[in-house]
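*Asks:* In order, the protein sequence lines correspond to chains V and P.
Read left to right, the first sequence gives residues 1 to 315 (our numbering).
Read left to right, the second sequence gives residues 1 to 299 (our numbering).
No lab work stands behind these hints: they were computed from the structure.
A virtual CB, placed ideally from N, CA and C, is assigned to each residue, including glycine.
Label pairs and their calculated CB-CB ranges:
# : chain 1 : residue 1 : chain 2 : residue 2 : range
1 : V       : Ile68     : P       : Pro56     : 53 to 61 angstroms
2 : V       : His28     : P       : Leu45     : 32 to 40 angstroms
3 : P       : Leu77     : V       : Arg159    : 18 to 26 angstroms
4 : V       : Ser205    : P       : Asp65     : 52 to 60 angstroms
Here is what each chain is made of, one letter per residue.
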Amino acid sequence: MLRYVVQRIVSVVPTLIGVSLVTFALLHLVPGGPAVAMLGMAASDPKAVAAVTKELGLNRPLPEQYWIWLKRAVSGDFGMSTEFHVPVSGLLIPKLEHTLILTAGSLVYAVLLGLAIGITTALYNRSLFDRLAMLITLVGASAPVFWIGLLLSYLFAIRLGWLPALGMTSLVGSSSVLVVLKHLILPGFANSIISLAVIARIVRSGMLEALVQPYVLAARARGLPRWRQVVVHAFRNILPDAINITGLQVGFLFGGALFVEVVFGWPGLGDLIYSSIQARDYVTMQAAVLIVSAAFILVNLAADLARIALDPREV
Amino acid sequence: MSAAGATTAHPAVPAAPRSATRQALAAFLRDRMAVIGLVVLLLALLAAIFAPLLSPYDPTMGDDDAILVPPLSMGHLLGTDMQGRDLLARILFGARLAFPEAIIPVAVAAAAGLVLGLIGGFYHRAVGEVVMRVLDVLFAIPMVLLAIAIAAALGSGLPTVILSMAIVITPYIARVVATTTSQLRSATFVEAARVSGFGDLRILRREILTHVIPAVVVYSTTNMGAMVVFAAGFGFLGLGAQPPTPDWGAMIADGMRSLDDAPWVSTVPGVAIVIIALAFNYVGDGLRVALDPRLRTRL
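Pulled out of the complex, with its shape left as it was, chain P reads as follows (with noise of 0.2 angstroms):
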């Protein structure tokens, strides 16, 4: 935590910064949940990175004569399950799946709803409401179900949870691009860019564009701890990673089963989620504040 001391120790310094990127910055070390969340999720990350060289156990191979071990035991830090794993090594190899279960969905689905937004919210004619009436089927229909649904045609494993939870976020993407877009189109900047003859392209990308990257980044990072969660959910029934692989929602699950007398067994890994899911939560919040100048101003 020396890191996150490092860190905040920042705003003391009377700091004149010129640059927006600069302000921003700023704005982020100044908020100490926010850089508490950042280090926490570089500490895990980094965990996931060298599990391997962390992790004294195989996370997948049980050892028989420890089953159930309850945590805080010796050699066995969070215990074990009723295979006789050790719940660390699990829950380390775990967040080599759940960081990227939740960032590769976000991802692809700011991408795909960046594109679809700005046609949605910018040409206003034919096929903008095409983009726009799909979009309405797709919020129709319960996000956690079609999900579920398509994942399930699919087959389980980690690529099939990654493109069903894109494909269900995308719509939510699209409608920030397509709002924000469609608020722009008729600004000043936009008429002046038009009446100067710009193409449609030139002003999508450099007079849009611009204003509606920074929504999408907040609106994804702000996202990104339910990520954490839903992604869980996959686990949860079977829908992710298959076993042994240890995904933290499959854990849980598989310690439904020994809930009576070793109630750790599904806590740990809830836990975990719960801490990277907050970690994100208050990284999202910090950078949305840092991001919008006029919410920087309010505090």
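The following block holds chain V by itself, in its conformation from the complex (with noise of 0.2 angstroms):
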């Protein structure tokens, strides 16, 4: 087991060195090249060329061009955003952790509605319940989640007003948890739909075939109640299962928020690329690509590590 652990940490290493190698080649993808990605307007005057030329060693061989590039993002370094004037660091880490806190919401939508209609679609199997929950979260999941933050948003928001569509502000200093949380209620939802509806049709196949088990019937002879054979018999064996799905959602809520965030105003990493994208700051874009890959290697390493301390024997 302990073999396992240090190879599993181990094997992060190279994952981490390629996605550095994708992120530093961004950069050379954009037309006139780094130099001119990295000052943006001020990419016509020569001196400044000169200077970043000379700073960041383009003129190198690109290896070692490389490597000055990642001495100074290891450092936390990632340049200046050509956009704000501000190093791309200081700007993202805000930006990051209000993503991550509409990704966490929307997992919770997901999680709980996604149970919630896979348990009782299940049991109520062919009912016109059932038909109309499979067909909506079909719909739901064909669906670009934007479009259904805008319609939400146009809504509850604009049209019966009880819950706001913007104004999301930062949460550094003014914004207490309750008004946290009442933005979060649209923009969550909107989020979840996909996932939700992923999760829900695992949860009822599962439970489908969980529910006739022999097991499930031995707890009905023995006279439990009808919540327990559910809960405690059927539920219980396609947890593993809904575990698993539930994980892989995870960076699909993530990209999700990025789109959802534009539409509500989110002051997150999709808000930041999405002025990003319109002021063509690269800058920012190859530092916010670099960051979340890292930090998403970095959970699932964690991710991992902990399935392994519950079940030992998946090793």
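Make one complex out of these two single chains by using the hints.
*Replies:* Here you go:
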């Protein structure tokens, strides 16, 4: 087991190096090359171009450029945002926090509603509710999250005025937890729809199979109440599958959050990326890819190690 | 919809299909939703091809006297946008982008994924290992983020969107191919071919490819619906075809500005996306069942 743990931790290193190579290459894709990408508007000034070229070693061979770039990135220096004229790292971290809050919020929706719908539809298989719920989840899963966000914000914020559509401000300082939660209701739900549908469908088919197993019949024969048959005997057996599929959804929810943020003016990474696209702020984009990917790799590592700790048989 | 009625009548025929292809076809035609989905897609494709003939308006030219006309109005069935452009015309012309945006990246990724997956799954030595490690790296980066970053770096436009989508989907197809190939490697018929003295290339082509291709086809089609939605995301962020070209995703973003008094401007293109994505999903499901004899018998 220790050997597996060490192996797993070491395996992260080549992946991280690979990700850094991909991110490094991104600036070289920009027409005009990294100097133009780093400078934005100022690239029309040959003196500035010369200075950046010298500083980043852009006239040296690529491996050397990569090394210079990597050393700076590891020390947290991703360069200056060409749009906001501040160091990118300071810009990114608070935005990333907001995106993670939105991701977590939609994860809660996806898990709670997905489980509830999945279990209920399995219990009332082929009923009107079952058919309706499955149709709605299928349609929802075929729609862009940002479009669902717009519809929800039109209905609940503009028309009914129940919930705020915009106005989520920085967490730091002013906003209380309650205010944040209130702003989270609509975007969190909009972003959760696809994952919610996936979880509901997996849980439904798993429960349909589990409910007819002999152990559920045995529980019923022993006169256990229905909820115990369902929750303790049937659901407990599909729990590993449910956890597995939920883990896979985190990445999707994160990706969706990037779009939903634009609709709701959520001050996160998606919002930042959106303005970076408009402003051709490649430096910010590059740093975002690097930081988020590194975070994902480490989260996956942590999840894997936790799984081993919980169930050593898996190794 | 008469075509749907005609095709769903097929199962009633007491057919005794002999070939595998005909069995698969019969299984597909038995799936009513898949057939409806296929009909919808074909109609939409025809509408896209003949958009200039079907549409009474230019999708890029606005009419100052018809700004934000609601749907179901005279002359504007789906209404108009802030610039007085007919939404039906824009939807029809938008379909000309939506289909290639979904199909070309998947086709490119399927070809690339097939080659990489075969190498990664078949050769467990250095070359295969390198391919698998490269795929691992691409998996580690969130797909949407990478695609946006590549598209943004290359500059917006249709070719850019197609290329960046193809790049981020390739690892997923390659993984499907690699898993299947790796399992087949030790299959008896592959051993037999090897003992018969056939080289790697022939084994890959004759023994393995025939099993891998259906898997790729099924994976590609079941994900085509997601690709329609994915492509709309680029348009929404302003990375796709540039205005005034009608792109469904960009149209949704366009409607955001008039959401308060004209919600239909965003709603209409969204409905178009949902219909096409749903149709692709049903067709993909039908194809998955039709091409997998094990699933077919369970129905």
